[in-house]
Amino acid sequence: MNAALETHGLGKRYGSRWALRDCSLAVPEGSVAALVGPNGAGKTTLLHLAVGLAPPSAGDARILGWSAREQPELVLPRIGFVAQEHPLYRGFTIAEMLKLGRKLNPSWDAALAHERIERLGLSLKQKAGTLSGGQQAQVALTLALAKRPELLVLDEPMAALDPIARREFLGALMEAVAEGGLTVILSSHIIADLERVCDHLVVLAGGAVQLAGPLEDVVSEHRLLTGPRGDADEVARVHAVIEERHSERQTTLLVRANGHVYDARWEVTPVGLEDIVLGYLGRR
Amino acid sequence: MLWVGWRQQRTEALIVASVIALLAALMIPTGIHLANVYDHDGVAACVTSESESCNTVLMVFQDRFHGLTSLFNWLQLLPGMLGALLAAPLVLELEQRTYRLAWTQSITRRRWLATKLALLGGAAIVAAALLTVLISWWRGPVDEIEGRFSENAFSFEGIVPYAYMLFAAALALAAGVVIRRAAPAFAIALIGFFAARIVVTNSLRPHFMDPVVKLLNKPPSGSLHDAWVLSGPSLVDRHGNPPARALVYQCLGPGAHVAGQAKQVPIECLSKLGLVTRVEYHPASRFWTFQWIEAGLFVGVSAALVAFAAWWILKRVN
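Those protein sequences? They're chains L and H, same order as listed. The opening residue of the first sequence carries number 1 in this note's numbering; numbering runs sequentially from there. The opening residue of the second sequence carries number 285 in this note's numbering; numbering runs sequentially from there.
Chain H on its own, in the form it takes in the complex (with noise of 0.2 Å):
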């Protein structure tokens, strides 16, 4: 059965697998580039210093690389892609009824579907491994100054995009069982990815944990450059609302410069009016917590998707 199944699969694993080298064909050298300068033009230096000529040197490098990094975050599509078209095999077998051929062989029909669905499983755990680990390394650089924990970088690492190729995959499997044919399968489990997506990287992942809030004296330094900061840094009052225009003004407004001799007055003015500087944000030390609560949901989903296919193939389908 395992030649059966890998003899059927092989088109669409080709494809996925020509779609990976093509990326890697892109990625590699540019990565090598993004690399090369981050060690050679004092970024990697900079990191962790807080100096004014450090942080300028940061700046330029993202603005550089900024382009390149928003390009690729438009991968964010290829998990949900992949991962539906390497459940089609399973479901153009019911379009084209050859079911009806394969579970009158020898082998039952259990064992048909807990091989396919184990090559299917395999093939996307392969296809994630390989896209993380292109990705991950790409954005190396970027991490260190930004952090993995932004929308972007925490759905390419980690652990999660296993768990967006399963749940792309397992969604296409069970709207195929039902309606049986691949490419509104393939449509729905793409527009129910997406949805799902961004249901969860908007609605439900600020929320894993509850966020730390922190009030501080002074604007936060470069401590906070790997957190994932939800809001912030902004100015409140005592009591954690916005301050009055008028107040903010007395400090910062144009006539604050009559009094004003030094950069760090206004701050000094402001915390004398008892205003403080609200961050609210998860510490980068929760990055592999959320990784983990965000794979666990995608899999559990995932789980019962593929346990609805199974039991609609081995019940229903005849």
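Chain L with its partners taken away, still in its complex shape (with noise of 0.2 Å):
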């Protein structure tokens, strides 16, 4: 399996201050890796140095294989980055947002550049910047798709929009990499979302990897143990306990399970996505 985006103890200091620390982790190609965590955790962070947009202060990160600092030339055309805010030239229209792809990019796809905005009901004359929200991020996804990228990288795509245009956004993405041949990459702060899409998770709090894996293993793994009031420390010696909360009777443990729980003190029962994560969220 090789990865679409390989990190090795990757970190960027802005002055003193860490924004992301030691980070190595690995999104093997042909899945949709869902990026969740806090504000300020260092998930635009890692986004820009993944593509390239910043140096890193230590260790290094892959597109590919290669690094987007060292030969852009070989990952800038692979890629199809859209930032946090999804910038357009607010003077273009987006027939001169389109041309801008095509000039750009050696690989642009016009058939689908001007069918995703046909689609979106979008006029070509329109200008950039009298669209809302919603609109600028669908043609910002329009011109990274069209670059016909073998890796997607979205930095809070959906952050602008409402319900009803993060269902369409999510829709075109689904399109898109059933389709084949696509990595995507997407950063969010809600879980929710993710669930439906992604199959590849990697939460990051405090500038660092709290986990990292399989989106079915990361579910499978983690389970809810709730009993007696009491201390955790016989479970923790076989299993990874990642939160213990105890109220005056009882004691729930989130724990990542190494095999089964035999512990018949506990009742172990499954847990959601969006459980395990802010667990681990709590955490840091």
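If you are wondering where the hints come from, they were derived from the structure by calculation, not from laboratory data. Owing to the predicted nature of the structure, the values given are computational and were not obtained by experimental measurement. Beta carbons are placed, not taken as given, at the ideal position from N, Cα and C, and that holds for glycine. Keep in mind that the hints are not guaranteed to be accurate.
Said to hold, decoys possible - One-sided and incomplete, this derived list gives chain L residues near chain H with beta-carbon spacing under 7 Å:
no. : residue
1   : 48
2   : 53
3   : 54
4   : 72
5   : 73
6   : 76
7   : 77
8   : 81
9   : 83
10  : 87
11  : 89
12  : 100
13  : 103
14  : 106
Unchecked claim - A short list of chain L residues far from chain H (calculated; beta carbon distances all over 12 Å):
no. : residue
15  : 16
16  : 51
17  : 102
18  : 119
19  : 123
20  : 163
21  : 181
22  : 214
23  : 241
24  : 247
25  : 250
26  : 259
27  : 267
Make one complex out of these two single chains by using the hints.
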């Protein structure tokens, strides 16, 4: 399995503050990976380091085996990137934005771009600055998709969208993925949306990777253990305890189970993605 | 990339073009008038003559257009404003964060930057060329009389306007990449531009070369009309010091008239006392040397500013 994105000890420091620290992860080719974390967790920093917008302070990031900083001519044509706030040239018409895409990208798919714009119900003569936030996000996604990238990197693509626009956006994304040959990495702090579309999860908090792996494994490995109030030492000897909560009579543990949990003291229940992620976020 | 760069630069380029067109609309009719008067009122014929009547003709001509030439001296501001304006699209790219879109297309950041800088430099040079041709043509007759070495003429002609325009653009660019706001970068560039111009014109330019010092027995004639006179003509004694007032009064004071009959007498009287006329100037033949030195200075600083901006963009912006 090749990695679409692979980082080793990746770090970025702004002044004396580390925005991202010792980050090592691999996103396999063909997956749709969600990068989850609270605001300020380092998601944007990680994505900017990956696509070469920012130089790393430590470690390295490789896209399809190449560094975007050192071999931009190999990496840039293979990625589609939509930055947070999905910037477009406000004074450009949509037609001019598409022309920009055609002029700057050798593998530009004009037919795909026009078809998408038409389907969105947008006019080519409309200025980018007059579009709504959702429409701008869609145009930015169109530009990224029409590059025919191997890896699509989206930074908080749905933050500015209302629920309907969000569903349309995800729909368009899934359609592009279904055509094959596309790896997607998208960052978000809205977990519910991601569960439907993603198959790989990276949880980032406090500038460090808390959890990374295929979504299925993540969900199946985690359990919620509920039992009489007590300490978790015995469980912790076999399983990784992510989070403990104690009420007056009860103790609840979120564990990443190492096989089955045999202890009869605990009632074992499966746990949803959102609770798993929140467990990790509460840990830092 | 060329199309994209041009499309982004278009608005500013059109503003600059309109300003120059407006200026041409003002300058061409007045320039034609000026040239007509110069040719037909016998001014042209008088430039090389030193007769008394010709001096009057020249003075009348200079007086007549003095208001207009001083008005056009305000155009000194123009290269600064237009140059800084041309740098705006690049700074706006950072301000509006569209660089994150531009730098993740298939072209490298280096090529993006090279194209943008080439377009910016090209636009600045074309604008400077139009301005220089227009203003030099307009000033033509005035320059015949006064030369083009005076502070104002010098800054409008030759190659320095190109250097000024590039300097203003480079300054706006350097300020813009650091603060990432177009409006304050524009303001900083204007202030920096005028500060640099004033310092160079007043404190550096006179010392590009050692001025020629001449001691004359009589006041200088028309031969210095196209030179850049730094000081004088003034009366000095043998040691180069200004003479005592009493000494001068012997020849020029009210008492002098008693002995004096003809006009030339005060001069003879002064030279008898050992007083001479001192002039310090740069001869007109140095015009191009000074142009190259000043242009080199501004272009050199511009190159350093652009190199700094490029380094900042390639290494520090993310």
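Now for the hints, and whether the structure bears them out:
For residue 48 of chain L, the interface hint holds, the least distance from its beta-carbon to any beta-carbon of chain H being 6 Å, beneath 7 Å. Contact between residue 53 of chain L and chain H, as hinted, is supported at the beta carbon level, the nearest pair being about 5 Å apart and thus within 7 Å. For residue 54 of chain L, the interface hint holds, the least distance from its beta-carbon to any beta-carbon of chain H being 3 Å, beneath 7 Å. For residue 72 of chain L, the shortest C-beta to C-beta distance to chain H is roughly 4 Å, which falls under 7 Å, so the interface hint holds.
Annotation: residue 73 of chain L was flagged as interfacial toward chain H, and the flag holds, the nearest CB pair being 6 Å apart, inside 7 Å. For residue 76 of chain L, the suggested interface contact is upheld, since its CB lies about 5 Å from the closest CB of chain H, less than 7 Å. This hint holds: residue 77 of chain L has a C-beta 4 Å from the nearest C-beta of chain H, less than the 7 Å allowed. For residue 81 of chain L, the shortest C-beta to C-beta distance to chain H is roughly 4 Å, which falls under 7 Å, so the interface hint holds.
The criterion of a C-beta within 7 Å of any C-beta in chain H is met by residue 83 of chain L, whose closest approach is roughly 4 Å, and the hint holds. Because the beta carbon of residue 87 of chain L sits about 5 Å from the nearest beta carbon in chain H, less than 7 Å, this interface hint is met. The criterion of a C-beta within 7 Å of any C-beta in chain H is met by residue 89 of chain L, whose closest approach is roughly 6 Å, and the hint holds. The closest approach between the C-beta of residue 100 of chain L and any C-beta of chain H is roughly 5 Å, which is under the 7 Å cut-off, so the hint is satisfied.
Given the 7 Å rule on beta carbons, the hint for residue 103 of chain L holds: about 5 Å separates it from the nearest Cβ of chain H. With 7 Å as the threshold, the beta carbon of residue 106 of chain L comes within range of chain H, its nearest partner Cβ sitting at about 6 Å, so the hint holds. With a closest Cβ-Cβ approach of about 17 Å to chain H, residue 16 of chain L is found to remain outside the 12 Å limit, as its non-interface label requires. Listed as a non-interface residue, residue 51 of chain L fails to keep its Cβ farther than 12 Å from every Cβ of chain H; the least gap is roughly 6 Å.
Under the 12 Å C-beta cut-off, the non-interface status given to residue 102 of chain L relative to chain H is violated; the minimum distance is some 9 Å. A cut-off of 12 Å between C-beta atoms confirms that residue 119 of chain L is not in contact with chain H; the least separation is 22 Å. Residue 123 of chain L, annotated as away from the interface, keeps every beta carbon of chain H farther than 12 Å; the closest lies near 19 Å. The Cβ of residue 163 of chain L lies farther than 12 Å from every Cβ of chain H, with a closest approach of about 26 Å, so its non-interface assignment holds.
At roughly 17 Å, the least C-beta separation between residue 181 of chain L and chain H is larger than 12 Å, which holds for a residue marked as non-interface. With a minimum CB-CB distance of about 27 Å to chain H, residue 214 of chain L clears the 12 Å threshold, and the non-interface call stands. With a closest Cβ-Cβ approach of about 38 Å to chain H, residue 241 of chain L is found to remain outside the 12 Å limit, as its non-interface label requires. No beta-carbon of chain H is positioned within 12 Å of the beta-carbon of residue 247 of chain L; the least distance is around 46 Å.
No Cβ of chain H approaches the Cβ of residue 250 of chain L within 12 Å, the least distance being about 48 Å, so the stated non-interface status holds. Distance check on residue 259 of chain L: its Cβ is at least 44 Å (rounded) from any Cβ of chain H, clearing the 12 Å threshold; non-interface status holds. Look at residue 267 of chain L: its CB is around 49 Å from the nearest CB on chain H, clear of 12 Å, so calling it non-interface holds up.
Checked against the numbered hints given earlier, the structure breaks hints 16, 17 and satisfies all the rest.
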